[in-house]
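Asker: The chain contents come next:
2 protein chains.
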Amino acid sequence: MAVKTIQWKNNHVVMLDQRLLPGKEVYRAYRDYTEVARAIRDMVIRGAPAIGVAAAMGVALGVVWVKGKNFDREIERIFRTLAKTRPTAANLFWALERMRKIYIEKRSLGIETVKRLLKEEALKIFEEDIAANRLLGKFGAQLLRSPSRVLTHCNAGALATAGYGTALGVIRAMKESGKEVEVLVDETRPFLQGARLTAWELKKEKIPVTLLTDNMVGYLMQHSKVDAVVVGCDRVAANGDVANKIGTYGIAVLARRHNVPFYVAGPTSSIDLKCSSGAEVPIEQRNSREVSHIFGRPITPRGVHILNPAFDITDHELISAIITEKGVITPPFQQNIRTHVRHQ
Amino acid sequence: MAVKTIQWKNNHVVMLDQRLLPGKEVYRAYRDYTEVARAIRDMVIRGAPAIGVAAAMGVALGVVWVKGKNFDREIERIFRTLAKTRPTAANLFWALERMRKIYIEKRSLGIETVKRLLKEEALKIFEEDIAANRLLGKFGAQLLRSPSRVLTHCNAGALATAGYGTALGVIRAMKESGKEVEVLVDETRPFLQGARLTAWELKKEKIPVTLLTDNMVGYLMQHSKVDAVVVGCDRVAANGDVANKIGTYGIAVLARRHNVPFYVAGPTSSIDLKCSSGAEVPIEQRNSREVSHIFGRPITPRGVHILNPAFDITDHELISAIITEKGVITPPFQQNIRTHVRHQ
Chain A
0 MAVKTIQWKN
10 NHVVMLDQRL
20 LPGKEVYRAY
30 RDYTEVARAI
40 RDMVIRGAPA
50 IGVAAAMGVA
60 LGVVWVKGKN
70 FDREIERIFR
80 TLAKTRPTAA
90 NLFWALERMR
100 KIYIEKRSLG
110 IETVKRLLKE
120 EALKIFEEDI
130 AANRLLGKFG
140 AQLLRSPSRV
150 LTHCNAGALA
160 TAGYGTALGV
170 IRAMKESGKE
180 VEVLVDETRP
190 FLQGARLTAW
200 ELKKEKIPVT
210 LLTDNMVGYL
220 MQHSKVDAVV
230 VGCDRVAANG
240 DVANKIGTYG
250 IAVLARRHNV
260 PFYVAGPTSS
270 IDLKCSSGAE
280 VPIEQRNSRE
290 VSHIFGRPIT
300 PRGVHILNPA
310 FDITDHELIS
320 AIITEKGVIT
330 PPFQQNIRTH
340 VRHQ
Chain C
0 MAVKTIQWKN
10 NHVVMLDQRL
20 LPGKEVYRAY
30 RDYTEVARAI
40 RDMVIRGAPA
50 IGVAAAMGVA
60 LGVVWVKGKN
70 FDREIERIFR
80 TLAKTRPTAA
90 NLFWALERMR
100 KIYIEKRSLG
110 IETVKRLLKE
120 EALKIFEEDI
130 AANRLLGKFG
140 AQLLRSPSRV
150 LTHCNAGALA
160 TAGYGTALGV
170 IRAMKESGKE
180 VEVLVDETRP
190 FLQGARLTAW
200 ELKKEKIPVT
210 LLTDNMVGYL
220 MQHSKVDAVV
230 VGCDRVAANG
240 DVANKIGTYG
250 IAVLARRHNV
260 PFYVAGPTSS
270 IDLKCSSGAE
280 VPIEQRNSRE
290 VSHIFGRPIT
300 PRGVHILNPA
310 FDITDHELIS
320 AIITEKGVIT
330 PPFQQNIRTH
340 VRHQ
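Line by line, the protein sequences give chains A and C.
Take the first sequence: its position 269, counting from 1, is numbered 268 in numbering that gives the first Met the number 0, and each next residue is one higher.
Take the second sequence: its position 225, counting from 1, is numbered 224 in numbering that gives the first Met the number 0, and each next residue is one higher.
Just chain A, with the same shape it has in the complex (with noise of 0.2 angstroms):
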């Protein structure tokens, strides 16, 4: 019943083609982290945490053939090959970072040690996510009235993560403690994730879900439709700003407008205190045929200019509080973002 985002299983990667979703469930095996990076820009996998996860058995993966005396040159190699997959997604360089730090201060006890602890951090990084979202979730939950008709956007759910997932985990804890919940997802053009993905996720769960377009938000908020907000989160900055998919930021100052609470739901890992505020979180540009074509089918002229920003800013003055599994930060964010990651 769960479902299997991503697994390690006999050295190899093995993910859910989430592209494929959800007219098929196909489940690939991976080798090679070449592949593992190319799976990542591919949207194979995707969602900030999952992706991080995704990093790390990369690298894990990557080592286990590299002989002795290339293996300096091969694991920057690995490292430089997974980082220029997604560029906005924090926790990629957090989960890279975290397994560079265990090749530097291991690699004194030997190749193959170094290679065992690789893979026991990746596990160990998969292991710590849904851990962290179970607990979020717990504390999103706790924010939520029962019932509620949650809005989300993309998804963050199991799919965007080891499993659980942020937004989706709060949904999921509110149910499991008794709360009345029901899903209101944007499509969430162009890549369709919440209609193919978190609509897929929650039926699964039985959790009642609505599906609407991109443009079809401020209708519902205008007729009091929704009650809250919840969204995940690419990368927050250490003022609050938060990056996450395009059309996050609209669906904030929509919220705003009709004074409806707006959460963000992410690991701490997601945090990045060397971003002073949104503008220095890189967006990633994707390829336009991600917009001007549908099911390989053209839906505009040839040759119209197109944009294709995977992600945006929402400035941290839209968002009610920040929920991570030590607990919900709330304004002023600029100060509580950097005590609560350094607590314990």
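Mixed in with the good hints, there may be bad ones.
The list treats identical chains as interchangeable, and a pair is accepted whether it falls inside one copy or across any two copies.
As the list claims (entries may be wrong) - Below, simulated DSBU-like cross-link-like pairs (lysine-lysine); rule was C-alpha separation at most 35 angstroms, straight line:
#1 K100 / K118
#2 K203 / K23
#3 K23 / K83
#4 K325 / K123
#5 K23 / K174
#6 K123 / K83
#7 K224 / K83
#8 K174 / K224
#9 K114 / K325
#10 K273 / K224
#11 K273 / K123
#12 K123 / K23
#13 K105 / K8
#14 K273 / K325
Hint data in this document are derived by calculation from the structure and do not stem from the laboratory.
Starting from the known structure of chain A, arrange chain C on it as the hints suggest.
Answerer: Quick look at chain C alone, frame taken from chain A:
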């Protein structure tokens, strides 16, 4: 070169099937008013002014074959059938009202004369719509600086009218008056009028156009890429609230936050003084399959609940000006619209 959205030809109504654009340019000939009604409902033709023209031609077509003794009953059936097609478009009811007035005032002149006069009235509505667009285009073009990057939504072009267009009429008039203009258009899910129709029209005119998904508007405004928004309208209430394609409201909210002027362009036939505010405008709810399927393929699991309101209401306080063939209406709309409509 000019787009032939709808024509009257040898007692047939000929329409360009907009569902197939931009891939195919297919013209369909209708000789039965019920087929015209179905074409309006199924969006072979769409856009409030074009719907008005199609309905008027539908009446003229419907009476061609009606025998004298059934005339009163039959024409009522024709009016009823056409009035039921699209509930939001003011121009539909306005056009049917004009046709009814001819019928009531001229019936004493005999059936054959009434039939001829109804055809003439439909053609007059067609011609007047183009003339109104050209006029409002000129008024609108004066409001916009050169160069301007204008965001539009959906299609308020030649395809949405008898020709030339309302929002795109303003764009065309800018170009004709030598102003530099670049258009940004969102794809406008679920029917993709922006991607399919507006991009197609503008490409034909060699006006630079950039396509984005509906959820990228906030990103563009954050990056100061939009100088003005110009959209069409399906109905304008007496207080200036505007019903237009779903998503218009969200764009207006973002425009306000970023101090981007938000203009609505439409002929006075879109103004409905009988609706005191937007709350009184009926919002059409369309088939869920328009959202759940693209090119006949599902984008979401079977059985997911789906919303598909076709329009939303933009509060008058978010609108900088309404541009009609009589000039530019500025706030306070409550009083200025009434004066404007009565003005010769």
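Asker: Could you tell me which of the hints above the structure violates, numbers in ascending order?
Answerer: Hint check: nothing fails, all pass.
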